[in-house]
Amino acid sequence: MKSVMPDMQPMNQTVQETPVFQVLTEDQIEQIYFSALEVLERVGSRVHHDEALELFRSSGDAVVGDDKRVRVTTSLVERALKSYPRKITLKGRNGVRSVALQKDHVYFGTGSDLPFTYDRKTGERRRTQYKDIVDAARIVDYLPNFDFFMSHGIVGDAPNPLTYDRHQFMAMLEGCTKPYVVTSVDGEGLEDLWKMACLFQGGENEFRLNPMFVAYIEPISPLTNDRTAVEKLLFAAEKGIPAMYTPCPSSGATAPATIAGMLVQSLAETLLAIALCYLKRPGMPLIMGGVTTVMDMRTTTYSYGAPEMALASAANTDISKWLNLIMFSTGGCSDAKVLDEQAAIESTLSNLTAFLSGANLVHDVGYIDSGVNASLESLVMNNEIIGMVRQVGKGIKTDEAHLALKVIDEVGPGGEFVTHDHTYEHWKEWFLPKLMDRSDWETWNAEGAKTMLDRVNDETQRILDEHEPQPIDDNTRKELKKIIDDADKRHSK
Amino acid sequence: MAVDLGQMAELLIAGKVDDVEKMTEQAIDDGMDPSDILQKGLIAGMDVVGQRFKACDMFIPEVLRSAKAMGAGMKQLRPKLVASGAKMAGTMVIGTVKGDLHDIGKNLVGMMFEGAGFQVVNLGIDLDTQVFVDAVKEHKPELLGMSALLTTTMPKMGEVINALKEAGVRDQVKVMVGGAPVTEEFAKEIGADIYGANAASSVDKAKEVLEA
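Protein sequence lines, in the order shown, are assigned to chains A and B. The first sequence finishes on residue 493 if you use this note's numbering, and the numbering steps up by one all the way, no holes. The second sequence finishes on residue 1212 if you use this note's numbering, and the numbering steps up by one all the way, no holes.
Wrong hints could be hidden among the right ones.
Only pairs whose alpha carbons sit at most 27 Å apart, straight line, appear in this in silico BS3-like list of lysine-lysine [what the hints assert, rightly or not]: (1) K1205(B) - K450(A); (2) K1054(B) - K450(A); (3) K482(A) - K195(A); (4) K450(A) - K1188(B); (5) K394(A) - K103(A); (6) K103(A) - K87(A); (7) K1054(B) - K434(A); (8) K428(A) - K1016(B); (9) K1174(B) - K1140(B); (10) K239(A) - K478(A); (11) K1075(B) - K1140(B); (12) K1068(B) - K1054(B); (13) K1098(B) - K1040(B); (14) K1068(B) - K406(A); (15) K434(A) - K1205(B); (16) K394(A) - K87(A); (17) K428(A) - K1068(B); (18) K87(A) - K239(A); (19) K1054(B) - K1080(B); (20) K428(A) - K1054(B); (21) K1040(B) - K1087(B); (22) K1016(B) - K406(A).
Since the hints were made in silico from the structure, they are not lab data. Computed from a predicted structure; not experimentally measured.
Next up, chain A with everything else stripped away, as it sits in the complex (with noise of 0.2 Å):
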């Protein structure tokens, strides 16, 4: 009799399948990547974490200097490459196996800590708060093609700032149930969100096996590792947690104004990562990350829809794909202050780049304002590019049935496939919209004229008002609060 495990349904998974996108022929990849290992060799990378300095110093295969300074040779970094998984499967609270992370599988989420909120009632940005990202998690549990949940913003009215990575994880649980990404203050934060995770996951070795987060842990560009920063990666090492360690470099600021010197860099960033994990534990979960932009030269803005963005970001997955690393990349997010035009154009242009490179988790979908202000109503709106995306994506099926031969004989010339059992049977394999709007002139009006800024709103409103997320058990909720509790107190000394 065929048994199916809880954890084994189907997996909502889209591959990318058109033939060719690379942005990046494999000898410039090489190129940057030699010049990547010259940086580790030559440059070194300053981290500013006892531990990581004796694990570099004991293994002979680097140098630290007086001044944190640590190079790394080439052998180490190549041994250290070959360690790491090339698949990675988060399952959600929900008990899905849902995102298979692996070659040319993308999966789509928000991102996290944005300290401001469209208000949909005032229309003005605000700081903010715990119900915001229960909101948001609400939403992206709801709609289809968002795969995993960052918070979004940043909880403004958590008690402790030291402790506010817990309260923001309870508000992400509360609301989402698809597996997340996750932000944390520092190691012992870190170590509270898995606990709280193992709560669901049945213990440290299931979360292992299911891995319900990713650790989200980033150095300072240009080659600076602070305490924190290396603490939680060691953490996540130690305990085989998933983690990325993505660098944010700015062309022009923090990394050279060129595309490639900026990715040269960032690789850098990345391998000093690999080689420390390598020496903590060999074999952890890492995942390669890189938000790539250009510093706008007239306002000083991080960019996020500069189409430097999308490019740079397409050039570190193909150089991801070629050392056999999962990618956390980026898309959906836009430099515009509110949802219009300018965001829809932004947002279009890096999902598509990010989805036809591969790239393995697409985040920062919905933010607006430039990584400042977080919008609800602009998660809804990239659910639908997003389907859209995926949609030229998933390329074009030539199989006997697909090339349609025989029904084209059928019709002949002048007749009609509308009604041809061929027609019945394909059509739904095209992209079914939801807010884009298709009606004849007359039809529009009739319904009120609405644009997609209207019908975003009302489905955002809808969502809000209708969706209710798979409740949290009361005995999970007080082991979780005991967490949340005990950390505060643990701070309030």
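Given chain A, put chain B in place with the hints provided.
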């Protein structure tokens, strides 16, 4: 065993053309009231199809299957309905005007009207004005539908209306026009009764006008 008209409606919604036709035949053979077969079986099913289409739960290929099932049922039922003098949707004559070879859109509209229980006489494409006038005289339809997809052929629809007037038959038929470049204003300008913006709304509007 008596034919279950609720089941007939379900089969119609599911687009089972042959089943609906056979079941209609069976119901007639069983001596059921033709009006009941029409109202509680076929029309009850098409009403649901219409609602689901508006709610985006059904789409054109499915609606057309149901419409085809309706047409197949009506083929059996129509003579009985005529004989019993029962009230039913009438006849529609439809065609594309002179100079215009566009076929599918007009056929779609025709299928939708079949789905609404009309007997549809499809004249074809590239039709001389006189063909429309003759068809109105011959079939005595409640409705004449004309289509043009080109701005260059649109004026032909006005010519047909004038020809109907000259032939003295304009008052016995409601005229409906449609096609991508056609607008409500244009329809009024040439003296048409109904402007059909799309296949589905054309049916609603025509029913409204005919029932008024």
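Going through the hints against the structure:
{"no.": "1", "hint": "K1205(B) - K450(A)", "in the structure": "holds (22 Å)"}
{"no.": "2", "hint": "K1054(B) - K450(A)", "in the structure": "holds (17 Å)"}
{"no.": "3", "hint": "K482(A) - K195(A)", "in the structure": "holds (11 Å)"}
{"no.": "4", "hint": "K450(A) - K1188(B)", "in the structure": "holds (26 Å)"}
{"no.": "5", "hint": "K394(A) - K103(A)", "in the structure": "holds (15 Å)"}
{"no.": "6", "hint": "K103(A) - K87(A)", "in the structure": "holds (8 Å)"}
{"no.": "7", "hint": "K1054(B) - K434(A)", "in the structure": "holds (13 Å)"}
{"no.": "8", "hint": "K428(A) - K1016(B)", "in the structure": "holds (19 Å)"}
{"no.": "9", "hint": "K1174(B) - K1140(B)", "in the structure": "holds (11 Å)"}
{"no.": "10", "hint": "K239(A) - K478(A)", "in the structure": "holds (24 Å)"}
{"no.": "11", "hint": "K1075(B) - K1140(B)", "in the structure": "holds (19 Å)"}
{"no.": "12", "hint": "K1068(B) - K1054(B)", "in the structure": "holds (19 Å)"}
{"no.": "13", "hint": "K1098(B) - K1040(B)", "in the structure": "violated (41 Å)"}
{"no.": "14", "hint": "K1068(B) - K406(A)", "in the structure": "holds (22 Å)"}
{"no.": "15", "hint": "K434(A) - K1205(B)", "in the structure": "holds (26 Å)"}
{"no.": "16", "hint": "K394(A) - K87(A)", "in the structure": "holds (21 Å)"}
{"no.": "17", "hint": "K428(A) - K1068(B)", "in the structure": "holds (20 Å)"}
{"no.": "18", "hint": "K87(A) - K239(A)", "in the structure": "holds (17 Å)"}
{"no.": "19", "hint": "K1054(B) - K1080(B)", "in the structure": "violated (31 Å)"}
{"no.": "20", "hint": "K428(A) - K1054(B)", "in the structure": "holds (18 Å)"}
{"no.": "21", "hint": "K1040(B) - K1087(B)", "in the structure": "holds (14 Å)"}
{"no.": "22", "hint": "K1016(B) - K406(A)", "in the structure": "holds (23 Å)"}
Hint check: violations occur at hints 13, 19; the rest are consistent with the structure.
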